[in-house]
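First to last, the sequence lines map onto chains W and H.
Oh and the first sequence: position 275 is 275 in my numbering, straight run, nothing missing.
Oh and the second sequence: position 222 is 1222 in my numbering, straight run, nothing missing.
Note that these hints are calculated values from the structure, not bench results.
Where hints are given, some of them may not hold.
[What the hints assert, rightly or not] Result set (SDA-like, lysine to any residue): computed pairs, CA atoms no more than 25 Å apart in a straight line:
#1 Lys227/W / Val329/W
#2 Lys227/W / Ser1370/H
#3 Lys244/W / Asn1267/H
#4 Lys1159/H / Gly1083/H
#5 Lys244/W / Ser1404/H
#6 Lys245/W / His1374/H
#7 Lys245/W / Asp1266/H
#8 Lys227/W / Ala1307/H
#9 Lys227/W / Ala1204/H
#10 Lys227/W / Lys1198/H
#11 Lys245/W / Gly1326/H
#12 Lys244/W / Pro1349/H
#13 Lys227/W / Ser1265/H
#14 Lys227/W / Thr1393/H
#15 Lys244/W / Glu1306/H
#16 Lys245/W / Leu1325/H
#17 Lys244/W / Arg1377/H
#18 Lys244/W / Leu1343/H
#19 Lys227/W / Leu1343/H
#20 Lys245/W / Arg1364/H
#21 Lys244/W / Tyr347/W
#22 Lys244/W / Thr1393/H
#23 Lys245/W / His1324/H
#24 Lys1198/H / Thr1227/H
#25 Lys245/W / Ser1265/H
#26 Lys227/W / Leu1332/H
#27 Lys245/W / Arg1369/H
#28 Lys245/W / Pro1366/H
#29 Lys244/W / Gly1405/H
#30 Lys244/W / Leu1325/H
#31 Lys227/W / Gly1405/H
#32 Lys245/W / Arg1328/H
#33 Lys245/W / Thr1227/H
#34 Lys227/W / Arg1377/H
[Claimed, not checked] These stretches of chain W come out as covered by chain H in the derived footprint (C-beta under 8 Å, 3 or more residues):
#35 210-222
#36 232-240
In this text, a Cβ means the ideal position worked out from N, Cα and C, and glycines have one as well.
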Amino acid sequence: MTLLRLEPRGEASRAMVYATPLLAVALTLVSGFLLFWAMGFDPVKALHAFFIAPLMSLRGLGELAVKATPLVLCAIGLAIGFRANVWNIGAEGQLTLGAITGGGLALAFYGEGGWWLLPLMIVAGMAGGALWGAIPAFLRVRFNASEILTSLMLNYVALHLLNYLMHGPYRDPDGFAFPESRLFEADSVLPLLVAGTRVHLGSLFALLAVGLGWFLMARTFIGFQIKVIGLTPTAAGYAGFNQKKIIWLTLLLSGALAGLAGLGEVAGPIGQMNPTISPGYGYTAIIVAFLGRLHPVGILLAGFLMALSFIGGEAAQIALGLPKAITGVFQGMLLFFLLATDVLIRYRVRFGAKRAVVGRAVA
Amino acid sequence: MSSPPHRLELRGITKRFPGCLANDQVDLVLRPGEIHALLGENGAGKSTLVKIIYGVLHADAGRIQWNGQDTHIPDPAGARRLGIGMVFQHFSLFDTLTVAENISLGLDQPGPMDALSARIAEVSERYGLSLDPRRHVHNLSVGERQRVEIVRCLLQDPKLLIMDEPTSVLTPQEATRLFETLRRLAAEGCTILYISHKLEEIRALCDTATVLRGGRVVGSCDPRRETARSLAEMMIGTELSTPERLPQGEAGAAKLQVRHLSTTSDNPFATNLKDVSFEVRAGEILGIAGVAGNGQAELMAALSGEALVPDPASVAIEGRPSGHLGPRERRLLGLAFVPEERLGRGAVPELSLSENALLSGYAREPLVRSGLVHFGRARSYAERIIGAFNVVTHGHRAEARSLSGGNLQKFIIGREILQKPRLLVVGQPTWGVDAGAAAAIHRALIDLARSGAAVLVISQDLDELFVLSDRIAVLFHGHLSESRPTHHTSVEEIGLLMGGLFNHPPDEDEE
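Please model the complete structure; the sequences and the hints are all you need to start from.
Below, the structure written as structure tokens:
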């Protein structure tokens, strides 16, 4: 006898599309409460340190924006691809390449820069990310190789490339052989937007990306083609939409946005090149994209939530001595609960058994 | 006076799905040895009722009696134990396995393979269903595949055999042989529940008919005493207007010329076209008949531009070589196209009707301006289609999948016709569409041709082709026969061509 049954709704519930992310957040908090309690911490204090304390100061809010910036930039691009069934898992590598190309310019023109250097770095960063996105696009269009695998594997190639550069050409000549570059000069650092914080111009780019991403998907014919290809590829073929063109477009676009995010990190809060540019922004952005329902505004909100999990994790480590893995645990729980509660969009939960077999009544 | 118990008796069967009442207090009585037709438009509740009988679905209310005993049918295996067999419209066979292996997979207790093969041979012999148990399914024609499904049921010695639209994939000759088999089964006392909306065939085959409309039983009759027209009117509940064929005017210039078109495909199960040539002229309707899987899909793809052909000149639209052009360019030349699959090719299920109007309408209607979608115009275009073709829906915001098959087809055909094409290619225009919508669709296609466009109809439904076409040709194993004027040919002659009896260069495909 079953106590819980899932009953098909017949049509997807609009309300649940918006409600399940909130439900997932609530379930994560409840589980976090139990987890902290089981580990012997005061759960109220721990949750406060994790989720509330970081938001109580201007500096904290600024840090939130700083962390959210690369997540949102990457996720906007990824989401547009995901809508077209182009599964770019390589934002991490594209971000790294953007840092390598854009940051490389800062080092190349060290001491001879000018007002033109920063715009050039931005362009170079986007081009680097797009170049890294072009590789899986080419392999998919030409050889039908799964972009999931190729883009994922290129993440490791990008990381090794960065490591090589940090131990060779990019290394600070006066840095005692530490794998770090010189600190970028003022003309190659993104200007700060809010005094007393580290919020930089990149955050404005992220907001711009949210707006343009929305416009692309909601208003343009390209966005319509992306939607149709993602929902029903055969209907797109019937309509005469060029699937290869869309694969190229989405991978170049998401690569460029990830590259911009990478450049924003090295020319922003980091201020130099080093071997650990990203704590996994490119991967976390995948969660952000889905948590935000692949919708630009949703992604903006989800970006802040995930940023909070990074900052809260750090804060909880410092305040309570929680292990570092706590950030990953919370991110994982959030994605897990989101995927689990998504079943509510198409099914409703009923309590108590009706009659023997009902579960298969799905025509 | 006592009569033998009914084979199956349903009383007050009710089944509700979210948002719709699929069966409402349905009563049905099936007697031993009768061939009983279940008639109704799409969405009338036939499939739901049959699924309840076969244990796939469960009624919310009502009683089922089997041979006079109250019973509960928990699942298809339970139905088979009672002696209920079902042949579905879509076969569930594995292409790469043999007939015997496929049948063995569908049996609850298959036993050793040799004994099974012997039984298959015996049963198929007895009922005139010639079938070699050792052949692989991918080599079988559609009619033969259906025999595999029927034999699979017969091996379980059924007392009730349910046939869901069995002739939709058969040539007329194959259908005649199937009817002989069914009559022999009925003579032996097996009850047959026959679902179809081909009215002539129900009149020829069935002893009783129960008519469903909107989930309720609206009548039962002896179909042999009715006309096809009166049966159709019972089904749709109003008077039927059949399209009247005006005499064809003078055929004009060739709008579509296909010359020596051959295709190759990576898919081993595709039927390649072999040296297909024909033309469609302004003002005429050319029908292409043929059993499914004889190259229709490949021909459709080569005409729409979804598959490009190596020699551009082998497909010419308005005299221009077009074999190398994609769907968008061909649309700009004046082609409109209605694919066989409505949901999933002709329309995106999850998108609204205005977005689906944009799907193909972008090419010939001013719906996109400098890369931006003009949603206002897409909406009014969708509304024009809905109005002009009487599409029953709650508006342009409705998702395509919320429409019934007939209404969605009216929408898609309307979307193509309102683009004022000079050439329209339609696949299976009324497959699975109710009688009322089918008549409207036929009317629209004839009007389009009479207004000077060329129309090509590819269909498996011979009745439809004889209603619509000025000329008919037949596709068989990728070859196309010469076309003949409709009034100089007969269903029998076309049926023989559909079985492959026409002259073409011999090739390796022949058996």
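- Restraint check for Lys245/W with Thr1227/H, where alpha carbons must lie at most 25 Å apart: violated, 55 Å
Original post:
Straight-line Cα separation of Lys1198/H and Thr1227/H no greater than 25 Å?
Top reply: Satisfied, since the Cα-Cα distance of roughly 12 Å is no more than 25 Å.
(message) Check whether the Cα positions of Lys1159/H and Gly1083/H lie no farther apart than 25 Å.
(response) holds, 5 Å
**Request:** With a C-beta cutoff of 8 Å, work out whether three or more residues of the segment 232-240 of chain W approach chain H closely enough for the coverage to hold.
**Result:** holds (count 7)
Q: Verify the proposed pairing of Lys245/W with Arg1328/H, using a straight-line Cα cut of 25 Å.
A: holds, 14 Å
Distance restraint between Lys245/W and Asp1266/H, which requires alpha-carbon spacing of 25 Å or less | holds, 23 Å
Taken at face value, is the distance from the CA of Asn1267/H to the CA of Lys244/W at most 25 Å? Roughly 21 Å separates the two Cα atoms, so the pair holds.
Q. Under the criterion that the straight-line Cα-Cα distance not exceed 25 Å, is the pair Lys227/W, Leu1343/H satisfied?
A. Holds, at roughly 16 Å.
(Q) Tell me if the straight-line CA distance from Lys227/W to Val329/W falls inside 25 Å. (A) violated, 33 Å
If you draw a straight line from the CA of Lys244/W to the CA of Gly1405/H, is it 25 Å or shorter?
violated, 31 Å
Holds or violated: Lys244/W to Ser1404/H, with C-alpha atoms at most 25 Å apart
Since the Cα atoms of Lys244/W and Ser1404/H sit roughly 33 Å apart, the hinted pair is violated (cutoff 25 Å).
- Query: Is Lys244/W within 25 Å of Leu1343/H, Cα to Cα?
  - Reply: holds, 23 Å
Hints 1, 5, 9, 10, 13, 17, 21, 22, 29 and 33, counting from the list given before, are not met by this structure.
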